[in-house]
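If you're matching positions, the sequence shown starts at 5 in this note's numbering and goes up one per residue.
Just so you know, these hints were derived from the structure itself, not from any lab.
These numbers were taken from a predicted model, which means no experiment stands behind them.
All residues carry an ideal CB built from backbone N, CA and C; glycine is no exception.
One or more of the hints may lead you astray.
To be verified - Distance ranges between label pairs, derived from CB positions:
| # | residue 1 | residue 2 | range |
| --- | --- | --- | --- |
| 1 | 95 | 56 | 28 to 34 Å |
| 2 | 47 | 95 | 38 to 44 Å |
| 3 | 37 | 107 | 23 to 29 Å |
What the hints assert, rightly or not - No more than 27 Å apart at the CA atoms, straight line, and that leaves these computed lysine-lysine pairs for DSSO-like:
| # | residue 1 | residue 2 |
| --- | --- | --- |
| 4 | 47 | 25 |
| 5 | 6 | 21 |
| 6 | 21 | 64 |
| 7 | 87 | 21 |
| 8 | 16 | 74 |
| 9 | 74 | 87 |
| 10 | 47 | 6 |
| 11 | 16 | 64 |
| 12 | 64 | 87 |
| 13 | 74 | 47 |
| 14 | 74 | 21 |
| 15 | 16 | 6 |
| 16 | 74 | 25 |
| 17 | 6 | 87 |
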Amino acid sequence: MKMVVAIVRPEKYGEVKDALKDRGVTGMTFTPVTGRGMQAGVKFTNRVGEFMIDEIEKVKIEIVVEDDSKVPCVIDTICQAAKTGRHGDGRIFVLPVESAVRISEWEPEPMKEAQNTEGN
5 MKMVVAIVRP EKYGEVKDAL KDRGVTGMTF TPVTGRGMQA GVKFTNRVGE
55 FMIDEIEKVK IEIVVEDDSK VPCVIDTICQ AAKTGRHGDG RIFVLPVESA
105 VRISEWEPEP MKEAQNTEGN
């Protein structure tokens, strides 16, 4: 099981979401984020002078892929939908997922009694 984390341009969010849905990806989380990478920022000039915005708005997409063999398809789909060919298109990271718990089906495990460590 893997987690695919993609950071993409906000204007590409809808295209990426639709492309993933078309490929059968049903569960995903989208979060607005700010950050910077090779696209160091945006310089603006006005009557007052120049100023730099060095934190760029992006959207983080998180997808847990249960079948590792489907990860390349998810990556290809994101890249095709998000690519503009310019700096700032984003990044994709693939991380291992140890386990996943469906909260609605969770049941607590029996609590183990604390052991007496005082030596009595």
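Taking the hints in turn, this is what the structure says about them:
{"no.": "1", "hint": "95 with 56: 28 to 34 Å", "verdict": "violated, 22 Å"}
{"no.": "2", "hint": "47 with 95: 38 to 44 Å", "verdict": "violated, 22 Å"}
{"no.": "3", "hint": "37 with 107: 23 to 29 Å", "verdict": "holds, 24 Å"}
{"no.": "4", "hint": "47 with 25", "verdict": "violated, 36 Å"}
{"no.": "5", "hint": "6 with 21", "verdict": "holds, 19 Å"}
{"no.": "6", "hint": "21 with 64", "verdict": "holds, 11 Å"}
{"no.": "7", "hint": "87 with 21", "verdict": "holds, 14 Å"}
{"no.": "8", "hint": "16 with 74", "verdict": "holds, 22 Å"}
{"no.": "9", "hint": "74 with 87", "verdict": "holds, 20 Å"}
{"no.": "10", "hint": "47 with 6", "verdict": "violated, 37 Å"}
{"no.": "11", "hint": "16 with 64", "verdict": "holds, 11 Å"}
{"no.": "12", "hint": "64 with 87", "verdict": "holds, 15 Å"}
{"no.": "13", "hint": "74 with 47", "verdict": "violated, 40 Å"}
{"no.": "14", "hint": "74 with 21", "verdict": "holds, 17 Å"}
{"no.": "15", "hint": "16 with 6", "verdict": "holds, 23 Å"}
{"no.": "16", "hint": "74 with 25", "verdict": "holds, 14 Å"}
{"no.": "17", "hint": "6 with 87", "verdict": "holds, 22 Å"}
In summary, the structure is inconsistent with hints 1, 2, 4, 10, 13 from the numbered list given earlier, while agreeing with the others.
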